[in-house]
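Student: Work out the full structure: start from the sequences and follow the hints.
Residue numbers (this note's numbering), protein chains in the order written: chain G, 1131 to 1327; chain X, 1131 to 1327.
Simulated from the structure, these hints should not be mistaken for laboratory data. Since the structure is predicted, the reported quantities are computational estimates derived from the model, not experimental observations. Treat the hints loosely; a few may be bogus.
It does not matter which identical chain is meant; a pair holds if it fits inside one copy or across any two.
Claimed, not checked - Cut-off 30 Å, straight-line C-alpha distance, at most; resulting in silico cross-link-like pairs (DSS-like, lysine-lysine):
| no. | residue 1 | residue 2 |
| --- | --- | --- |
| 1 | Lys1232 | Lys1260 |
| 2 | Lys1232 | Lys1163 |
| 3 | Lys1217 | Lys1132 |
| 4 | Lys1173 | Lys1260 |
Number of protein chains: 2
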Amino acid sequence: MKIDEVILASKSPRRRELLDQIGVVYRCVPSEKPEVLTSTIPKDVVMELSRQKASDVAEIVEDGRERLIIGSDTVVAFEDKILGKPKDEQDAFDMILMLSGKTHEVYTGVTVIYQNESQQEIHTFYECTKVFVDNLSEQNIRDYIATGEPMDKAGSYGIQGYFGKYVTGIEGDYNNVVGLPVSRLYREVKEKFSIEL
Amino acid sequence: MKIDEVILASKSPRRRELLDQIGVVYRCVPSEKPEVLTSTIPKDVVMELSRQKASDVAEIVEDGRERLIIGSDTVVAFEDKILGKPKDEQDAFDMILMLSGKTHEVYTGVTVIYQNESQQEIHTFYECTKVFVDNLSEQNIRDYIATGEPMDKAGSYGIQGYFGKYVTGIEGDYNNVVGLPVSRLYREVKEKFSIEL
Chain G
1131 MKIDEVILAS
1141 KSPRRRELLD
1151 QIGVVYRCVP
1161 SEKPEVLTST
1171 IPKDVVMELS
1181 RQKASDVAEI
1191 VEDGRERLII
1201 GSDTVVAFED
1211 KILGKPKDEQ
1221 DAFDMILMLS
1231 GKTHEVYTGV
1241 TVIYQNESQQ
1251 EIHTFYECTK
1261 VFVDNLSEQN
1271 IRDYIATGEP
1281 MDKAGSYGIQ
1291 GYFGKYVTGI
1301 EGDYNNVVGL
1311 PVSRLYREVK
1321 EKFSIEL
Chain X
1131 MKIDEVILAS
1141 KSPRRRELLD
1151 QIGVVYRCVP
1161 SEKPEVLTST
1171 IPKDVVMELS
1181 RQKASDVAEI
1191 VEDGRERLII
1201 GSDTVVAFED
1211 KILGKPKDEQ
1221 DAFDMILMLS
1231 GKTHEVYTGV
1241 TVIYQNESQQ
1251 EIHTFYECTK
1261 VFVDNLSEQN
1271 IRDYIATGEP
1281 MDKAGSYGIQ
1291 GYFGKYVTGI
1301 EGDYNNVVGL
1311 PVSRLYREVK
1321 EKFSIEL
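Tutor: Now the structure itself:
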């Protein structure tokens, strides 16, 4: 089954590229509600935030038309401590130094809402990927911060950018680290809603 | 230490994008010699072909100037059988059906040649990444072939394209599957030649 409309409840260019990559036609309606957190456990945080984003957008667009709404949130976790986006360059430096030479996890929570004129179903899941980072010198870190790449990214790095040269390997879904586990999303939507993205 | 010139002995747009991604300035000089194979073992094949490409280009550009030349070759291996580029759509269909619901390996061999007016050093290595593929229906495979994406790719798929939705996870370096393990390359060049790419 195909669906009339898919909405991405995010304006992240990386998530958009991933949906484009697998050939999904969608439109973007970002949520504008402030994030409300009731947990500090990475998997719970990303699932909760993805649900808030998708639910907010579901209310905005509600008109009885059949559609899927996809909300998503990504965090980097090191020893169960959540690393969000850096506040400033010093914060970015500290985060990258923490990740250097170590293994960390990237969690993305995804909520898919199916709605039509008579019903709404909400399905939430998360995906976790292990990332192995090479040893970086302080100069490497300063050079990387000077590229400007870390400042809008959870954990202060982008695996699909310059930082790729310091990622020695991963275990799990690469696209989950970029910001949206499209393979898992495709399967979940197929299984739960019998819809082929 | 920085180096005067880096040459990529390949015209693959995916390898070029990966070097661009990590900020390497280089020029492309593809090898034009026919490939000569003396092995059927995946890791030996990719190392041998990467060495042929880099050596051929090293001869073409030889003028005493200090430079690095990077040659690279990628194959997909399923149960130690090498899958190259598909001959036609039927061949692509058979390969994708073989990979469906299974785990396979992607091998990339890399040769880096350092040369200046008085010496030449050749360094070759390979990187292997495991790739987990979802179950595809025959219709999924036909739809994928209709995108045209499989025809120029080893193993008949591109992980960075539509096929991404069928890759449930990997173990190892994602960029190695795309065609060049830039993280390993960066480290090897630093360790063997004391050069920062």
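Student: With reference to the structure, classify each hint as holding or not holding.
Tutor: Comparing the hints with the structure gives:
1. Lys1232 to Lys1260: both (10 Å within a copy, 21 Å between copies)
2. Lys1232 to Lys1163: neither (35 Å within a copy, 42 Å between copies)
3. Lys1217 to Lys1132: neither (42 Å within a copy, 32 Å between copies)
4. Lys1173 to Lys1260: The answer is both: 13 Å in one copy and 25 Å across copies each meet 30 Å.
Of the numbered hints stated above, those contradicted by the structure are hints 2 and 3, listed in ascending order.
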